[in-house]
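Student: Here the structure of chain U is known, so what remains is to put chains G, A and Y with the ligands in place on it, guided by the hints.
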Amino acid sequence: MNLVTTSSAEPNPSAGPMTEPAPAPRRRVPGWLSAMLWVAIAITVVSTTSYFTGLPELTSSGTVQTALRLALPIMLAGLGGLWAERAGVINIGLEGMMIMGTWGAAWGGYQWGPWAGMLAAAVFGALGGLVHAVATITFNVNHIVSGVAINLLGAGVTKYLSTLIFAPISQNPRESPAVPKFDTFSVQPLTDWLRSLEDLQRVGISDVAGILRGLLINVSPLTLIAILLVPVSFFVLWRSPFGLRLRSCGENPVAAESLGVNVYRYKYLAVTASGALAGLGGAALVLQHGQPGYLEGQTGGRGFIGLAAMIFGNWRPGGLLGGAALFGYTDGLQLRRGEETVHALLYGAVLFLVALAIFQLIRRRWLPMVIAGASAGLLYALYWYTDELPEQLTPYAPHFLTLIVLAVAAQRLRPPAAIGATYRKGEGG
Amino acid sequence: MTTPTPTGTDAGADPGGGATAVVLSGITKRFPGVVANDNVCLTVRRGEVHALCGENGAGKSTLMKTLYGMQQPDEGTIEINGEQVHFRSPADAIAAGIGMVHQHFMLADNLTVLENVVLGAESAHGIGGRARRRVAELARQTGFDLAPDLLVERLGVADRQRVEILKVLYRGARIVILDEPTAVLVPQEVEDLFASVRAMREQGYTFLFISHKLDEVRAIADSITVIRRGTTVGTADPATVTNRQLAEMMVGTELPSPQTRESVVTDRAVLELRGLTLRAEGDGRELLHDLDLTVRAGEILGIAGVEGNGQTELVETIMGIRRASAGRILLSGKDITRVGTLARREAGIGYVPEDRHRYGLLLTQPLWWNRILGYQTRRPTARRGWLDRAGARQDTERIVRDFDVRTPGIEVAAAALSGGNQQKLIVGRELSGDPVLLIASHPTRGVDVGAQALIWEQIKDARAAGLAVLLISADLDELLGLSDTIKVMLRGRLVAEADPKTVTPEELGAAMTGAAGDRDAKKDGAADHQEPGEGGDR
Amino acid sequence: MGSLRGQLLPPVLAIAFAALLCTITLLISGANPGSALAAMVGQVGEGTTAVDIVNSASVYYLAALAVAIGFQMNLFNIGVEGQYRLAAVVAAVVGGAVALPTGVHAAFIIVVAALVGAAYAAIPAILKVTRNVHEVISTIMLNAIAAGIIAFMIRDDMFGVLRGNNISTAEIASSGWVPGVPLGGYGTLFGLAFLAVAVGIGYWVLMNRTRFGFELRAAGESPTAATAGGVNAKRMILVSMLLSGGVAGLVAMPELLGRDHTYLMTSPAGYGFTGIAIALLGRNHPAGIAFGALLWAFLDKSAVALDNVGVPKEIVTIMQGSIVLSVVVAYAVVRRFELRAEQRRVGQKLGGAEPAAATAGGAS
Amino acid sequence: KDAGRRGSVGGQAAACKLADKPELIPGLIATTTATGERIDGSHLRVGLAFDVGGRGDESFNDAAAAGIDRAKEELGITDVREVTASHQESEDVKQSRLRQLAQDGFNPIIAVGFSYADSLEAVAPEFPNVRFALVDATVEGAPNVTPLLFSEEQGSFLVGVAAAYKSRNCHVGFVGGVETPLIQKFEAGFLQGAKAAAPDIRVDVKYLTSAGDFSGFNDPEKATHSTRGLLDRGADVIYQAAGGSGKGVFAAVDDADGAMAIGVDSDQYKQKNLAAYRDVIITSMLKRVDVGVVDFLRAVAKNDLSAMPDVLNLKENGVDYATSGGKLDDIEDVLEAYKSQIIAGNIEVRDRPGA
Ligand SMILES: Nc1ncnc2c1ncn2[C@@H]1O[C@H](COP(=O)(O)OP(=O)(O)OP(=O)(O)O)[C@@H](O)[C@H]1O
Ligand SMILES: Nc1ncnc2c1ncn2[C@@H]1O[C@H](COP(=O)(O)OP(=O)(O)OP(=O)(O)O)[C@@H](O)[C@H]1O
Ligand SMILES: [Mg+2]
Ligand SMILES: [Mg+2]
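Chains as they are written, first to last, in the working numbering: chain U, 1 to 429; chain G, 430 to 967; chain A, 968 to 1331; chain Y, 1332 to 1686.
Isolated chain U (complex conformation):
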């Protein structure tokens, strides 16, 4: 035997194999539980803030309703992004598809009522998606180029169509005539009871009641469908053979192809669905109670925000819902009350950071702990020495918050592996 053992003193090391990804031995919290946990943390932080700053507005049903309404288009655009990007196609054209959706919703709605409007919005958005699909999948065009072009086309085509079709009716080439809207519903006896709870102004109870009531009153079918699309997307994408195939096209299309998956078909379906979802996002700006109809430029970059929410949510439906909710909530706050509530958000941020610092302390991760703690101190000082923030900056509170949460949470984002890559049948491997 010519083998000399050099480290005989060592007992057999018990660690596992040394492949590069860290196989953390701790147990993972299941998705639904961690979602509940996040929701609980968020409610606690917000209601504590509301208590200490004396601003019931933070958890009032009105705020929550506004947040929901503002989050919807963003969430739908984000879902659109999710479908496309899970199939490996970057969709920066969501904004253009959303614009198509607003136009379609107004046109269909004007002609045949809100349900038709919703359908038309989805169809128009899907048309945008189809163009994107043809360019990126059939012609292998760079996905970002195609997306930028679709944004231009969406804006141009709707302007043009409005001049052609809406202007004679509304006398205004930039907007549609009034469009019939969806009726809204409330969960009656329950919401009345919640209202009485909310009016009590007790810490915690009233906060939760306000939040729940905000979610249960004035719900339109469109809202309901949109919210349902989140779990539906999850089940279709993660729990069905169709979704498995679709995701495999975004992870490794050549492998999918080698197993007999028609990659083109799934990509086409995904990107078209993506457009339809973005189009629905457009409908959520036109067909909801109190909305006037199509107006040129009304999407105002919500498609991009939707994309950001999706990235924020780590290419997952639950995550993007969280991103959209965060954005909608902050935007709602600043729109309803402006400077004061946004100022109070500073306080909420302090609470959140303190919690984070304690969490890091328990996990003995010193650097993140110090950073979180220091930021908390800084923000608290800012909160203490100012009464309100410059009003010019408050409209951008949601953007600030998104950025800060991303920077602090430093989540390990995991985009689909083959995203943006060109794929051609029979040429892979």
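Be careful, since some hints might not be right.
Unchecked claim - Footprint (simulated), chain U over chain A, 3 or more residues, beta carbon under 8 Å:
| hint | region |
| --- | --- |
| 1 | 1094 to 1104 |
| 2 | 1118 to 1130 |
| 3 | 1279 to 1292 |
Stated by the list, open to error - Away from chain Y, derived, C-beta distances all over 12 Å, residues of chain U:
| hint | residue |
| --- | --- |
| 4 | 37 |
| 5 | 73 |
| 6 | 112 |
| 7 | 238 |
| 8 | 318 |
It is worth saying that the hints were derived from the structure and are not from the lab. C-beta atoms are modelled at their ideal positions from N, C-alpha and C, and glycine is treated no differently.
Tutor: Relative to the frame of chain U, chains G, A and Y with the ligands by itself:
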């Protein structure tokens, strides 16, 4: 190890007589600029293991992809079990009972084992509980220890290959194509694989087997077909043919041997590792534990080990791609622990990475542009912050000449070269500029015999001129033939040292998997990080 | 696909296709495509339009170069929009506040603008390098935030000056102006159009001739290979983003120093997004980008001419969108066509079993 | 299913304690348009450069368009070319547009919107014989440019008074689209008017976006939610100067029980696209760009611009309040009294909030 029961409907119908499973006639496949297959004819009997041999780029993979429906032949016909077929996509081939384990794994890293296996075959058992039970059953039958809900990105190569084989079995394939399945395996794993293959052969499975390792081919195959430059040049009987004869059929040259000449080891230490330790970024596990190592001028030090035991990390730490957590790295006595990769390269380290596509080349760029990579601060490719394009071109021409890189020119994109030629280019580049130390990770993996010989020759010449070489390889013949000293790496430690003149591959293999009889410990370790709750929905 | 035909055919095809599409659209709406075309072409000879096109193109060119620098590194800098706007405001404020000799003053303003652009780009860069925040999301947010900062800065109790119903920054003294090249009735060419050209040349030299450009492109193509080759990929992200932001800072300078001399509340936004489209049109190549910028500017100006003859000017946006899309589609089609042709050629040449020499792929 | 209203105005405060109503100074309210004199303008070729939005924007572009339409009728003008600005276009495009009109022989040329100010400063001297008019801005040192300025603050003052009188909670609100100096004039006048009528009144102000980000003029969704915020806090009369977002204000007001809205620029009660909200629109602050345009064209046709006022005030009918719908019938005397006081110069209306 038990064997899987066939799942096909015609199970055991033919114990392996004269009937043909596959007949390829006159297959021609052209790619832009290349005729990959030129009028290839191939006959495979049912129930046999049929080996395909040929140089890199001979067209073996292309032929197999054609058989598997991934590529449509420009000319020629395919017959399966006596019936002429026309495959428009792999789906058709799978329906006809063909399965393929690709040379480059066809796995989606971010999907679980289960998802990878059932993908495309959902109609059989769905994607839920039934599919899980079926996969578990197959895994039990084949003795594969795989947690179905583990992400594939967490698997090592051998496990990945097992997933690939599961995929094939799950679809009930009767004709299985294995494209270079052994390139990444250690001897024991190869033996396990062969045992499975033999057992399945008894059950009536037909195998098409591709390998560059001629010993293996002779050990497993019932018949051999040799392909050269896209056409079949002949068949051989594995019982009678010798490696030399096979090699000559393939390339028309002599079978090279990695045998080292006289030892030229000096006592001048070039690379010294002192207590080198590396911890993982996230959770601080030790990837490398307190390594001490010295490579002297004129010495080739080989590192043996099952992949995933820290070799990659060791190399990357020496190259400065990862930062050592503790310990020192000395190059010719100078401490380089804290300097960056470029400074290390400038100090005279050459680096042949294990994955040439990811770490070695800029695939869409021309060859001469690739020549600059790693030398962007030095002559002859650069001068004071400016690139020396003429110099780079000239030196690339030299490499192409000296290392026999087969290419139409140096303006060609690196991706257009075959693997062997890409490797020759990299070795040529890394031996330029008089390095004092060469770190060679699997320098001849997937490279044909001709290119392999040339690369060995070049390494030996450089060693004779005083180069120190740290060689990491899964190919034990290469390790034994080239190294002056061999160290065995296991779980981030150097656990044994061996003299290549006397040690046998089996002894090495035993040390690599943790002393003989110790293999259960490894399995336990593997089970450690299999997390049950981990679905795709995190 | 190195051939000249392969380079030039696609844009020609694409423009023809986009023109066809627009013709159909115009016919549907009952307008006369002939007169529309006449108006578009005719405008170039009229008044200052030709010079205006070049002036606008110089601005677009800078924006597109800024975007292209990021693209070379596989960074998608949507943030050029916010970077150039913020840089313009700060440069205008600083430029309006200091008194310096002629020439030095202008140079100072330009440097300030570049620095501000770079500094604002540093935020997404640092977030990406240290916190792994995706640059697309951070720059989307920062673009919006830039608008807020600008609004804050041009408040009349900050640095703003009321000009009737408009707000502007203080006017920059004439020592800080960059005089244009007067071309008589054709208008005045921005002096800083030459800056754009210089930056374009600098970009080409940097990318193709220097170690820095090599490292940047290497890291963009394959971060892993670049790292193994001694390139610090993180540093490259940082540097390329700063560089991109620096060039973005210059975007508004031709207009600021050559025409407006102040930043107005109504100063146009959106050059950053235009820059993305043009960088893509020009395939990150300095000459291609120049062509794209001129084409884009031409189409922009056409809106006025079309409006004048009563043709819906929205057609211009449709045209821009369809050109971007069809140019890239045309490149893809032509490339595949050429590949096929080569395949056939090789197939004929290699009748037997010649060594399979690959010639696919081409130098960029 | 929800029936109609979805909320009421929050807060329990009572109606305001009103200040004493000022005296009506008779004989001051003039009618410049009613000169009756017949003038022929058929020889004029009029160029009209709209701001973004153009004809049909239901705002000041539309008002300018209405002026042209009336001028066609009254002065017999036939040759008019209308061109429209695009979103976020650059300065030289604006210049080209004006230059094109001038070169094609149009004279006079009316530019709508202050964003044409710099362009006119450059273009007007090139065409000294062409008469230009510029809505909402002046151009220094260009004698051939006639500014058409309106004292939006005066009109806003009057609707502020109306809001104070109509508010049941003594709490009113203002929603501005983008925080520009122009919109701040509306805010300033409204604030001053409301305080003048009811010193204790609470006025909440919300702008959708800040200067430079013009999306605030195009986002009815945001306007709806901002308005709801104001209503939830107790404001019950909302004045909007938010361009295209204004509809969102009306929608939110329409939703709340007992809340009222005040329109802007033109008589929004009469607008077809706003018919659904007619019930809640109690008045609108009228900015009579049409009056300015017709006066200007009349003056040009007479070739005498000397009579053009520097600013079109209440006195010149340049601004006013709408009475359609009859919801102000009960307080019209009060408003007329304030109006006469302003015209007489007894009340000076500020054009900057908080100044
Ligand atoms: N998709 C493709 N496009 C263009 N050329 C290709 C393609 N695939 C293969 N080729 C060409 O076909 C030739 C044969 O390649 P193939 O992969 O079949 O070789 P091989 O025999 O499997 O080699 P190795 O032993 O390295 O695996 C190569 O030289 C290559 O130039
Ligand atoms: N998409 C493609 N376009 C052009 N050529 C390709 C393409 N894909 C593969 N090839 C060619 O196919 C050949 C074989 O590819 P492959 O990846 O199998 O390399 P290989 O020679 O087998 O090397 P390795 O030993 O690394 O597997 C290469 O020569 C490459 O030029
Ligand atoms: Mg192969
Ligand atoms: Mg190969």
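Student: For every hint, state whether the structure bears it out.
Tutor: Status of the hints after comparison with the structure:
Counting residues of the region 1094 to 1104 of chain A whose C-beta sits closer than 8 Å to any C-beta of chain U gives 7, which meets the bar of three, so the coverage hint holds. A stretch counts as covered by a chain when three or more of its residues have a beta carbon under 8 Å from one of that chain; for the region 1118 to 1130 of chain A and chain U the count is 3, and the coverage holds. For the region 1279 to 1292 of chain A, the stated coverage by chain U is satisfied: 12 residues place a CB nearer than 8 Å to a CB of that chain, which reaches the threshold of 3. No beta-carbon of chain Y comes within 12 Å of the beta-carbon of residue 37 of chain U; the shortest separation is about 29 Å.
The Cβ of residue 73 of chain U does not lie farther than 12 Å from every Cβ of chain Y; its closest approach is about 8 Å, which violates its non-interface assignment. Here residue 112 of chain U stays apart from chain Y, with its beta-carbon at least about 19 Å from theirs, past the 12 Å limit. Remark: the non-interface label on residue 238 of chain U is consistent with the geometry, its nearest Cβ contact in chain Y lying 32 Å away (cut-off 12 Å). For residue 318 of chain U, the condition that its CB be more than 12 Å from all CB atoms of chain Y holds, with the nearest at approximately 25 Å.
The structure is inconsistent with hint 5 alone, although it conforms to all the rest.
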